[in-house]
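Student: The lines below spell out each chain.
2 protein chains.
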Amino acid sequence: MYNRVALIGLGLIAGSMSLAMRRAGVAGEITGYARSQATRDTAREIGLVDRVCDTATEAVKDADLIVLAVPVGAMGPVMAEIAPALKPGAVVTDVGSVKKSVLDAVMPHIPEGAHFIGTHPMAGTEHSGPRSGFAELFDNRWCLIVPPEGANEGEVKKLEDFWSALGANIERMDPEHHDIVCAVVSHVPHLIAYTMVGVADDLRRVTDQEVIKFSAAGFRDFTRIAASDPTMWRDVFLTNKEAALEILGRFTEELFALQRAIRTGDGDTLHDYFTRTRAIRRGIIEAGQDTDAPDFGRGKKGG
Amino acid sequence: MYNRVALIGLGLIAGSMSLAMRRAGVAGEITGYARSQATRDTAREIGLVDRVCDTATEAVKDADLIVLAVPVGAMGPVMAEIAPALKPGAVVTDVGSVKKSVLDAVMPHIPEGAHFIGTHPMAGTEHSGPRSGFAELFDNRWCLIVPPEGANEGEVKKLEDFWSALGANIERMDPEHHDIVCAVVSHVPHLIAYTMVGVADDLRRVTDQEVIKFSAAGFRDFTRIAASDPTMWRDVFLTNKEAALEILGRFTEELFALQRAIRTGDGDTLHDYFTRTRAIRRGIIEAGQDTDAPDFGRGKKGG
Numbered sequence: 037m038y039n040r041v042a043l044i045g046l047g048l049i050a051g052s053m054s055l056a057m058r059r060a061g062v063a064g065e066i067t068g069y070a071r072s073q074a075t076r077d078t079a080r081e082i083g084l085v086d087r088v089c090d091t092a093t094e095a096v097k098d099a100d101l102i103v104l105a106v107p108v109g110a111m112g113p114v115m116a117e118i119a120p121a122l123k124p125g126a127v128v129t130d131v132g133s134v135k136k137s138v139l140d141a142v143m144p145h146i147p148e149g150a151h152f153i154g155t156h157p158m159a160g161t162e163h164s165g166p167r168s169g170f171a172e173l174f175d176n177r178w179c180l181i182v183p184p185e186g187a188n189e190g191e192v193k194k195l196e197d198f199w200s201a202l203g204a205n206i207e208r209m210d211p212e213h214h215d216i217v218c219a220v221v222s223h224v225p226h227l228i229a230y231t232m233v234g235v236a237d238d239l240r241r242v243t244d245q246e247v248i249k250f251s252a253a254g255f256r257d258f259t260r261i262a263a264s265d266p267t268m269w270r271d272v273f274l275t276n277k278e279a280a281l282e283i284l285g286r287f288t289e290e291l292f293a294l295q296r297a298i299r300t301g302d303g304d305t306l307h308d309y310f311t312r313t314r315a316i317r318r319g320i321i322e323a324g325q326d327t328d329a330p331d332f333g334r335g336k337k338g339g
Numbered sequence: 037m038y039n040r041v042a043l044i045g046l047g048l049i050a051g052s053m054s055l056a057m058r059r060a061g062v063a064g065e066i067t068g069y070a071r072s073q074a075t076r077d078t079a080r081e082i083g084l085v086d087r088v089c090d091t092a093t094e095a096v097k098d099a100d101l102i103v104l105a106v107p108v109g110a111m112g113p114v115m116a117e118i119a120p121a122l123k124p125g126a127v128v129t130d131v132g133s134v135k136k137s138v139l140d141a142v143m144p145h146i147p148e149g150a151h152f153i154g155t156h157p158m159a160g161t162e163h164s165g166p167r168s169g170f171a172e173l174f175d176n177r178w179c180l181i182v183p184p185e186g187a188n189e190g191e192v193k194k195l196e197d198f199w200s201a202l203g204a205n206i207e208r209m210d211p212e213h214h215d216i217v218c219a220v221v222s223h224v225p226h227l228i229a230y231t232m233v234g235v236a237d238d239l240r241r242v243t244d245q246e247v248i249k250f251s252a253a254g255f256r257d258f259t260r261i262a263a264s265d266p267t268m269w270r271d272v273f274l275t276n277k278e279a280a281l282e283i284l285g286r287f288t289e290e291l292f293a294l295q296r297a298i299r300t301g302d303g304d305t306l307h308d309y310f311t312r313t314r315a316i317r318r319g320i321i322e323a324g325q326d327t328d329a330p331d332f333g334r335g336k337k338g339g
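Same order as they appear, the protein sequences are chains G and R.
The first sequence begins at 37 in my numbering and counts up one residue at a time.
The second sequence begins at 37 in my numbering and counts up one residue at a time.
For the record, the hints were derived by calculation from the structure and aren't laboratory data.
Computed from a prediction, not measured in an experiment: that's the story for all the values here.
Don't take each hint at face value.
Identical copies carry no separate label here, and so any pair may be met within one copy or between two of them.
[As the list claims (entries may be wrong)] Here are the simulated DSSO-like pairs of lysine-lysine, each with C-alpha atoms no more than 30 Å apart in a straight line:
hint, residue 1, residue 2
1, K194, K249
2, K194, K136
3, K97, K136
4, K136, K123
5, K249, K277
6, K136, K249
7, K277, K136
8, K277, K97
9, K193, K249
10, K194, K97
11, K123, K97
12, K249, K97
13, K249, K123
14, K136, K193
15, K123, K277
16, K193, K123
17, K97, K193
This is chain G alone, in the form it adopts within the complex (with noise of 0.2 Å):
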């Protein structure tokens, strides 16, 4: 599909991006750059992509495609740094969380003749690192494709294509919705795992260790998404600030609400409450994005 497809960047979804185009065979050669020596020495040695280089803009020399598969923030210095060695007629993705502070970050380093199509592949695990990926990562996952403005149609097409090919299912997305969108199912349940986490650690009636004994029932689903990459999470708050405020904002009066029902006794608001939520997770079994099953299929077995 792509003769040439260099990875910038190369921890989890780099790494599973990868695997999942030799096991479809869509690329020619995967050249790989990563800012750490630490990380290009190991993707050398599990042979992750099948050139390492030392420098971005080598690896990118002559590539039909490049991946920007770096935290959110270094997307627009990266693209500047690479811009003077692309082909003619490249492919530029990306695949951070937040799309409209990308698009801003990148679109004015795009030379003339090149293109610029954004995608977030909606998987993940709470590893990160070369050694995190593997192939079945996307595998019935969704990837949102985010082209801007005027993208070339062609060139969408076959980035769906492509992404298909590595096992996602494929939507396409305005910039702006898809940063509401991933906010609600994302980015704010993330926030709030992690505060929770936080709240578990600090207090001195619990102890740590009883935090960790007694962990399951509810307290183990959120350190397992507070486990997450620290880097990228930071940038996706920071660049999808708007969406996220104001869905923390709903968030916390609903809280709120919920609390007063309990201060106040209001046990029917409560069951109304727990009642409710339970079709959208019927919902969600019904349209396969989780089982109903023992074993959820979660992680390396893909789902």
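Assemble the complex: chain G is given as a structure, and chain R must be docked to it using the hints.
Tutor: Here is chain R on its own, set in the frame of chain G:
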């Protein structure tokens, strides 16, 4: 271990106890009662216990161990009802998620010569009802043993051995400490999950269909938590009010600090906070309450 065991309430926990008792061979006859005719019919149909009774007093007749497996708010009335029918020396226990208020509600009704010892098996799934039980639910999960002051040590030990035979790990706790620990690791995380799911459902700018479709990565775990039994959770918050409100207060305080960091663009605060939570997650994996493996072994497989 106990010649006759009576289960009052025939939902997930009681049903699983019956199946686990049979597996372990620790009960002579198991009787059961549920308030709802439909539940009793189902329990009879699937042979969940040895004998389904149409009244609670019939079920507890000649029982050596009586298990109150009803919502926390129903413990007092049920105890008052069965108290006159208890045989001398009978041990009554409960499986509620809250302990201080259960002891307050139940202890005044315990007849001279009978014993009450609270327990809290920390295991569950998002399912409820007589068909949801399975023998492995308690395997390698914690069961907190919460005796009232002055409890008979021999009977407490025997009940601990009983729960061990059902597969659980045992830890003793006093009622106050139990309630604050559970507020942190279970009750407040559940409330937060319910709230987040409610926010998503309410939001006009994002459709329910989108929330359901793109629920991987964060939100899905929340919906799973938020699908638990509404009546049980209502009673938890009404009866563990003090501890829940204390932890909620801490939570909103920390959440506001992170919200301010997002608003002011303070990336260092966010990064530091997100880094700190990783350690807790590692501790949980090391403590064996979760695994690092692809399939978490949650739900019906126990774990």
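Student: Next step is simple, just say for each hint if it's right about the structure.
Tutor: Hint check:
Taking identical chains as interchangeable, the C-alpha atoms of K194 and K249 lie at most 30 Å apart only when they sit on different chains, with a minimum of 23 Å there against 49 Å within one chain. Taking the shortest Cα distances, K194 and K136 sit within 30 Å of each other inside one copy (22 Å), while across copies they are farther apart (62 Å). In this assembly of identical chains, the alpha carbons of K97 and K136 lie at most 30 Å apart only when taken from the same copy (27 Å versus 68 Å across copies). Taking the shortest alpha-carbon separations for K136 and K123, only the intra-copy value of 25 Å comes in at or below 30 Å, while the best inter-copy value is 71 Å.
For the identical chains of this complex, K249 and K277 are inter-copy neighbours only, at 23 Å across copies versus 35 Å inside a copy, given an alpha-carbon limit of 30 Å. Taking identical chains as interchangeable, the C-alpha atoms of K136 and K249 lie at most 30 Å apart only when they sit on different chains, with a minimum of 21 Å there against 42 Å within one chain. For the homomeric pair K277 and K136, the shortest alpha-carbon distance inside one copy (11 Å) is at most 30 Å, but the shortest distance between copies (42 Å) is not. Taking CA atoms no more than 30 Å apart as the test, K277 paired with K97 passes in neither setting, with 35 Å inside one copy and 63 Å between copies.
In the homo-oligomer, the alpha carbons of K193 and K249 lie at most 30 Å apart only across protomers (21 Å), although the nearest pairing inside one protomer, at 50 Å, exceeds that limit. For a Cα distance limit of 30 Å, the shortest separation of K194 from K97 inside one copy, 21 Å, qualifies, whereas the shortest one across copies, 73 Å, does not. In this assembly of identical chains, K123 and K97 lie within 30 Å of each other by CA distance solely inside one copy; the values are 7 Å within and 85 Å between copies. For a Cα distance limit of 30 Å, the shortest separation of K249 from K97 qualifies neither inside one copy, at 52 Å, nor across copies, at 38 Å.
In the homo-oligomer, the alpha carbons of K249 and K123 never lie at most 30 Å apart, since the shortest distance is 55 Å inside one protomer and 37 Å across protomers. Taking the shortest Cα distances, K136 and K193 sit within 30 Å of each other inside one copy (21 Å), while across copies they are farther apart (62 Å). In the homo-oligomer, the alpha carbons of K123 and K277 never lie at most 30 Å apart, since the shortest distance is 34 Å inside one protomer and 64 Å across protomers. Taking the shortest alpha-carbon separations for K193 and K123, only the intra-copy value of 20 Å comes in at or below 30 Å, while the best inter-copy value is 76 Å.
With identical chains, the CA atoms of K97 and K193 are at most 30 Å apart within one copy only, with a shortest distance of 23 Å there and 72 Å across copies.
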